[in-house]
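Undergrad: Sequences are here, hints too, so could you generate the full structure?
Protein sequences, first through last, are from chains A and B. To convert, take the position in the first sequence, counting from 1, and add 326; that gives the numbering used here. To convert, take the position in the second sequence, counting from 1, and add 326; that gives the numbering used here.
These are calculated hints, taken from the structure and not from any lab test. Think of the CB as a built atom: it goes at the ideal place given N, C-alpha and C, for glycine as much as any other residue. Heads up, some of the hints might be wrong.
According to the in silico footprint, chain A covers these stretches of chain B (three or more CB under 8 Å from chain A) [to be verified]:
| # | region |
| --- | --- |
| 1 | 352-360 |
| 2 | 405-418 |
List of simulated lysine-lysine pairs, DSBU-like, C-alpha gap at most 30 Å [what the hints assert, rightly or not]:
| # | chain 1 | residue 1 | chain 2 | residue 2 |
| --- | --- | --- | --- | --- |
| 3 | A | K338 | B | K338 |
| 4 | B | K346 | A | K338 |
| 5 | B | K338 | A | K346 |
What follows is each chain in one-letter form.
Protein chains: 2
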Amino acid sequence: MTALDDLIEALKRLPGVGQKSAQRMAYHLLQHDREGARRMAASLTAAMAQVGNCQRCHTFSEAPVCAICGDAQRDARLLCVVESPADQAALERTGSYRGYYFVLQGRLSPLDGLSTQAIGAEQLLLRAAETAVEEVIVATSFTAEGEATAHVLAEALRSRGIRATRLARGVPVGSELEYVDLGTIAHALTDRR
Amino acid sequence: MTALDDLIEALKRLPGVGQKSAQRMAYHLLQHDREGARRMAASLTAAMAQVGNCQRCHTFSEAPVCAICGDAQRDARLLCVVESPADQAALERTGSYRGYYFVLQGRLSPLDGLSTQAIGAEQLLLRAAETAVEEVIVATSFTAEGEATAHVLAEALRSRGIRATRLARGVPVGSELEYVDLGTIAHALTDRR
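TA: Structure representation (structure tokens):
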């Protein structure tokens with residue numbers, strides 16, 4: 327295996343990158359952007375060495391405690407549970423949530439061997455049991471696995487006397503009713519306000 | 327700038343990768359494939375250090391002369407000119423060409439400052455002047471710039487008494503005539519056989 331084949335194989339591990347894209351990327355770097363390739367190698371090494379997980383919420387963090395968990399100005403009564411740092415980033419970008427987060431290690435997926443323990447549910451229950459917390463917003467995905475995860479977590483939280491809520495389901499902003507799927511319309515009707 | 331932001335910036339230099347994909351890639355590597363990220367860093371470093379250009383045809387090669395140029399079994403009467411190692415790889419995959427190659431450094435593009443000298447036309451003329459060469463197949467792209475490059479190269483080759491041909495233009499295999507653009511049909515009519 328040549329160094330070029332090896333690079334193509336390595337690039338194929340990126341999500342959404344197949345043989346053709348990996349080849350195009352490798353050729354581009356070798357022909358037009360060797361400096362970019364060297365920078366990428368250094369950034370990968372640095373990120374893997376420096377980026378760990380926040381002790382409190384498990385999101386990506388270079389410090390032991392992330393910037394959000396370390397921000398005393400946020401609303402300690404609210405704790406929002408998400409499946410990944412990417413989901414947390416999406417919520418943060420809305421600018422409409424001022425509480426703290428707890429980032430799971432994925433969602434329940436018995437087929438992939440992801441149990442409540444594997445996704446970090448126990449640490450969540452410990453974190454949610456802190457006295458300041460009044461409400462846990464379960465913001466897992468609205469997929470079958472995300473819903474199952476939300477159900478299991480909400481049950482566990484409620485059995486410990488902690489209030490658990492879920493993000494509202496409904497018609498997305500900017501969409502025409504005609505093109506919205508029936509399940510979404512049915513939920514929007516049920517949850518009307 | 328954190329190590330994570332830095333990694334996202336570096337990944338954005340890959341062709342076809344914007345902010346969202348770069349973020350998804352960085353999150354994926356950090357959360358699910360740290361081993362893959364380390365391997366990618368090593369492969370990038372190794373490829374940039376080891377992969378150079380073949381002295382004869384200028385394609386990517388780890389040895390001073392690439393495997394194709396070093397293969398005495400190929401047909402020395404044919405020399406095929408392409409714009410990039412990727413185009414060469416596509417031709418090789420067809421398995422229907424047994425001659426040698428010459429890889430240009432791109433195509434003529436006066437706006438980007440790519441002159442005949444910058445793309446390596448002089449080396450091509452030297453290579454094509456070798457006594458064994460009987461025909462140079464100009465396989466640059468069928469875009470405006472690729473056609474202009476082909477025209478300039480073919481003129482230069484012919485003025486030196488070297489036979490220059492071009493890949494056939496026509497209807498792609500598997501396409502229905504109704505959906506083929508008019509320029510292609512016109513060319514296919516002219517070049518009918």
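Undergrad: For a C-alpha distance cap of 30 Å, please report whether K346 (chain B) and K338 (chain A) respect it.
TA: Status holds; Cα separation ~18 Å.
Undergrad: For K338 (chain A) and K338 (chain B), compute the direct alpha-carbon distance and say whether it is at most 30 Å.
TA: holds, 16 Å
Undergrad: Is the coverage entry for the region 405-418 of chain B by chain A consistent with the three-residue Cβ rule at 8 Å?
TA: holds (count 4)
Undergrad: Is the listed coverage of the region 352-360 of chain B by chain A valid when you require three or more residues with a beta carbon under 8 Å from a beta carbon of that chain?
TA: holds (count 8)
Undergrad: Would you mind confirming whether the straight-line C-alpha gap from K338 (chain B) to K346 (chain A) stays at or under 30 Å?
TA: holds, 18 Å
When held up to the earlier numbered hints, the structure conflicts with none and fits them all.
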